[in-house]
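S.K.: Spelled out from the first residue to the last, the chains are:
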Amino acid sequence: MSVLARSVGNAFRNKIRTAAVVAVLTVAIGLALAMLVANQAVGAKVQELNASVGTVLTVNPAGGQGFEGGGEPLTAEQAAKAATVPNVTSVVGTKALRMRTETTTASGTSGTTQTQGGPGGGPGGQAATAVTTNLTAAVDAGTLGNRNNTSNGTGNGATGNAAGPNGTANQTQPAFSLPITATGIEAEVDSTGKALNITSGTGLGDYKAVSGKALLGTTLAEKNKLSVGSTFTINGQTFTVAGTFDAGTAFGNNAVYLTLADAQKLANLPDELSTMIVTVNSMENVDSAKTALQAALGSDKADVTQGQRNLETAVSSLNSVKGISLVAFIAALATAGLIILLIMVMLVRERRREIGVLKAIGAPNRTIGLQFVLEALVLATLGSVVGAVVASFASGSIASALISTNTTTTAGTGQRGAGGFPGGGAGFPGGGPFGGAQQLLTSVTASVSPEILAAGVAAVFGVAIIGALVPALLTARIRPIEVLRGE
Amino acid sequence: MIEVKDLVRQFKSGDRTIKPVNGVSFELGKGTLASIVGKSGSGKSTLLSLLGALDKPTSGDVIVDGVSLAALPDTKLTEYRRRDIGFVFQQFNLIPNLSAVDNVMLPMEFAGVRKAARSARAKELLEQVQLDPEKHGRRINRLSGGEQQRVAIARALANEPKLILADEPTGNLDEQTGEHIIALLSSLSRDHNTTILVVTHDRSLANKADRRFRLQQGRLSEEASRQRVAAPAS
Numbered sequence: 000m001s002v003l004a005r006s007v008g009n010a011f012r013n014k015i016r017t018a019a020v021v022a023v024l025t026v027a028i029g030l031a032l033a034m035l036v037a038n039q040a041v042g043a044k045v046q047e048l049n050a051s052v053g054t055v056l057t058v059n060p061a062g063g064q065g066f067e068g069g070g071e072p073l074t075a076e077q078a079a080k081a082a083t084v085p086n087v088t089s090v091v092g093t094k095a096l097r098m099r100t101e102t103t104t105a106s107g108t109s110g111t112t113q114t115q116g117g118p119g120g121g122p123g124g125q126a127a128t129a130v131t132t133n134l135t136a137a138v139d140a141g142t143l144g145n146r147n148n149t150s151n152g153t154g155n156g157a158t159g160n161a162a163g164p165n166g167t168a169n170q171t172q173p174a175f176s177l178p179i180t181a182t183g184i185e186a187e188v189d190s191t192g193k194a195l196n197i198t199s200g201t202g203l204g205d206y207k208a209v210s211g212k213a214l215l216g217t218t219l220a221e222k223n224k225l226s227v228g229s230t231f232t233i234n235g236q237t238f239t240v241a242g243t244f245d246a247g248t249a250f251g252n253n254a255v256y257l258t259l260a261d262a263q264k265l266a267n268l269p270d271e272l273s274t275m276i277v278t279v280n281s282m283e284n285v286d287s288a289k290t291a292l293q294a295a296l297g298s299d300k301a302d303v304t305q306g307q308r309n310l311e312t313a314v315s316s317l318n319s320v321k322g323i324s325l326v327a328f329i330a331a332l333a334t335a336g337l338i339i340l341l342i343m344v345m346l347v348r349e350r351r352r353e354i355g356v357l358k359a360i361g362a363p364n365r366t367i368g369l370q371f372v373l374e375a376l377v378l379a380t381l382g383s384v385v386g387a388v389v390a391s392f393a394s395g396s397i398a399s400a401l402i403s404t405n406t407t408t409t410a411g412t413g414q415r416g417a418g419g420f421p422g423g424g425a426g427f428p429g430g431g432p433f434g435g436a437q438q439l440l441t442s443v444t445a446s447v448s449p450e451i452l453a454a455g456v457a458a459v460f461g462v463a464i465i466g467a468l469v470p471a472l473l474t475a476r477i478r479p480i481e482v483l484r485g486e
Numbered sequence: 000m001i002e003v004k005d006l007v008r009q010f011k012s013g014d015r016t017i018k019p020v021n022g023v024s025f026e027l028g029k030g031t032l033a034s035i036v037g038k039s040g041s042g043k044s045t046l047l048s049l050l051g052a053l054d055k056p057t058s059g060d061v062i063v064d065g066v067s068l069a070a071l072p073d074t075k076l077t078e079y080r081r082r083d084i085g086f087v088f089q090q091f092n093l094i095p096n097l098s099a100v101d102n103v104m105l106p107m108e109f110a111g112v113r114k115a116a117r118s119a120r121a122k123e124l125l126e127q128v129q130l131d132p133e134k135h136g137r138r139i140n141r142l143s144g145g146e147q148q149r150v151a152i153a154r155a156l157a158n159e160p161k162l163i164l165a166d167e168p169t170g171n172l173d174e175q176t177g178e179h180i181i182a183l184l185s186s187l188s189r190d191h192n193t194t195i196l197v198v199t200h201d202r203s204l205a206n207k208a209d210r211r212f213r214l215q216q217g218r219l220s221e222e223a224s225r226q227r228v229a230a231p232a233s
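Residue numbers (numbering that gives the first Met the number 0), protein chains in the order written: chain A, 0 to 486; chain B, 0 to 233.
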């Protein structure tokens with residue numbers, strides 16, 4: 000019988016006690032693993048926010064944003080000027096197009112005319128240009144869309160037909176169809192500056208050149224039965240689907256991305272930009288960069304918004320949760336180590352005579368010590384296995400509980416971000432291009448990955464070894480004559 | 000060859016100094032079965048602990064095949080116990096959650112003997128001490144006292160030691176089983192040419208030894224030796 004076999008046998012000598020020890024270890028190890036999972040999930044989220052969102056500034060024409068408002072459009076010259084502002088690492092220009100399906104616009108020829116800037120055509124803002132396409136929107140108008148359509152005259156619905164030169168007042172109203180957003184981009188990012196999640200095909204290659212290629216949202220591609228290599232038209236010009244992307248929302252997936260040059264060409268507005276996405280080198284420099292950018296571009300020419308205002312609070316809360324989960328992980332780990340230490344000390348005291356006998360028959364100290372360390376590892380393994388199962392079920396709720404208790408104030412701030420762009424329900428929030436802190440926080444997913452689990456279990460084993468080393472070293476101090484003297 | 004030279008072990012007990020072993024000297028040749036008798040507290044177990052390197056003498060020396068134990072560090076003393084000494088205790092001191100075979104295999108495992116070899120030798124030794132083969136795989140706590148002592152003797156023989164030290168080996172056994180154990184030790188010392196030193200307060204058992212010693216107040220005296228009488232080991 001080897002040392003390992005003997006250790007396993009010893010671990011199960013007293014089954015009731017072993018079960019009790021494993022149960023206690025399970026709680027400690029399960030909590031430790033759950034905290035580690037929460038820590039990693041929150042850490043990843045913070046990293047993601049810091050990397051993509053937290054350092055992004057959005058520049059809109061002064062007085063305008065998206066398809067709303069007025070003012071003068073941004074230019075390539077302003078983009079070049081923005082790039083020279085200290086701490087700015089990149090400037091990505093976008094050109095937004097609002098696309099109407101050809102069948103809808105055909106029912107009232109005036110619609111096209113009016114949405115191209117006509118005052119009656121709704122918020123046909125300076126920044127966006129309306130074009131036609133053979134694509135059908137993937138989002139149904141529904142109650143919200145129709146209500147918005149009625150209230151602000153978006154598109155070529157009732158208002159458009161009534162005002163059009165060829166339209167008649169009593170003409171049958173066409174079914175309202177939501178517009179599809181097409182955005183020209185200078186890099187593989189969405190209109191908020193976040194990297195596009197391409198799910199099939201490839202990107203557009205050189206985003207600064209005319210390519211005749213497009214990226215479609217997954218639901219838009221499905222709705223129109225398009226896949227990579229398929230073609231569709233915008234203003235009669237054929238575009239090839241280079242890939243599809245998943246924006247994560249139904250609204251976001253009802254969109255098309257083109258190269259900036261293609262979008263400007265379609266709009267026949269070279270050098271004109273709808274927005275600029277400015278990335279700053281670190282969150283600490285965002286405020287100063289924003290001020291410098293505003294000064295450089297002029298407050299009468301451009302509005303610089305800091306999309307992550309709410310996110311700063313969110314990131315701060317997440318960092319707080321991350322810190323708490325790390326402390327809790329260490330505490331739970333230390334508790335597991337302490338439990339093992341105390342149990343093994345108790346076992347060593349209980350088996351003093353046996354240790355004395357082993358020494359009397361020639362067992363080296365290291366063999367006896369190893370036997371106790373292995374026995375501790377057997378207990379730790381059992382605790383880890385059950386603890387991992389517990390953690391896999393509990394980590395999500397523990398992470399949620401941690402986040403909810405730490406973001407009460409953030410939640411209120413986050414609510415302000417809702418609403419915005421008229422459409423089928425979702426939209427750019429009023430407070431910036433992001434859905435608010437609370438939405439970000441609730442999107443933290445604590446999933447137990449094998450890597451995190453392995454790291455956690457390795458840490459548990461490390462602590463178990465440390466916890467078992469002390470009693471193992473104690474065995475070296477046991478003198479056989481002292482325990483056998485009772486003969 | 001075991002040579003004991005002027006061995007002294009003293010303890011402090013309050014203001015008093017106790018010398019359970021006080022200037023003990025003797026020699027034992029290979030294959031000798033020797034006994035030490037004495038009253039409780041006369042120092043028999045202490046002397047055995049000194050010979051088995053479980054304890055260190057205050058002065059004097061134990062020399063085994065020319066090697067002085069006094070000069071050996073702890074690691075070498077552990078090795079000495081592993082290779083050259085076999086212990087048989089009154090309370091058997093077997094590992095309770097292991098089987099008879101596993102208990103006998105333990106000293107061989109510590110000596111680095113391969114698993115197959117130690118398993119075969121353990122079974123062979125258990126047969127030599129006449130433990131029913133059906134009981135080889137039984138846990139110790141399911142064996143009788145006599146069977147446990149047989150396992151303990153087999154364990155003591157595992158690494159073919161030069162010296163077996165038996166401390167009251169029949170103290171926990173009935174008279175008949177005790178007789179069997181002594182007969183077994185006697186035959187083993189003869190067959191294996193192993194020196195066996197038995198400490199007992201049982202005069203009848205001590206009389207079966209080749210050489211008989213008496214320990215009184217820490218001092219050892221040899222009684223008249225007897226011719227070895229072969230006895231069946233059962």
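Hints in this document: simulated from the structure, not taken from any laboratory.
A quick note: this is a predicted structure, and the numbers were derived from the prediction, not measured.
Some hints could be false.
What the hints assert, rightly or not - Straight-line alpha carbon distances no greater than 30 Å define the calculated DSSO-like cross-link-like pairs of lysine-lysine that follow:
#1 A/Lys14 - B/Lys114
#2 A/Lys222 - A/Lys193
#3 A/Lys14 - B/Lys134
S.K.: Which numbered hints does this structure break?
M.R.: No numbers; nothing is violated.
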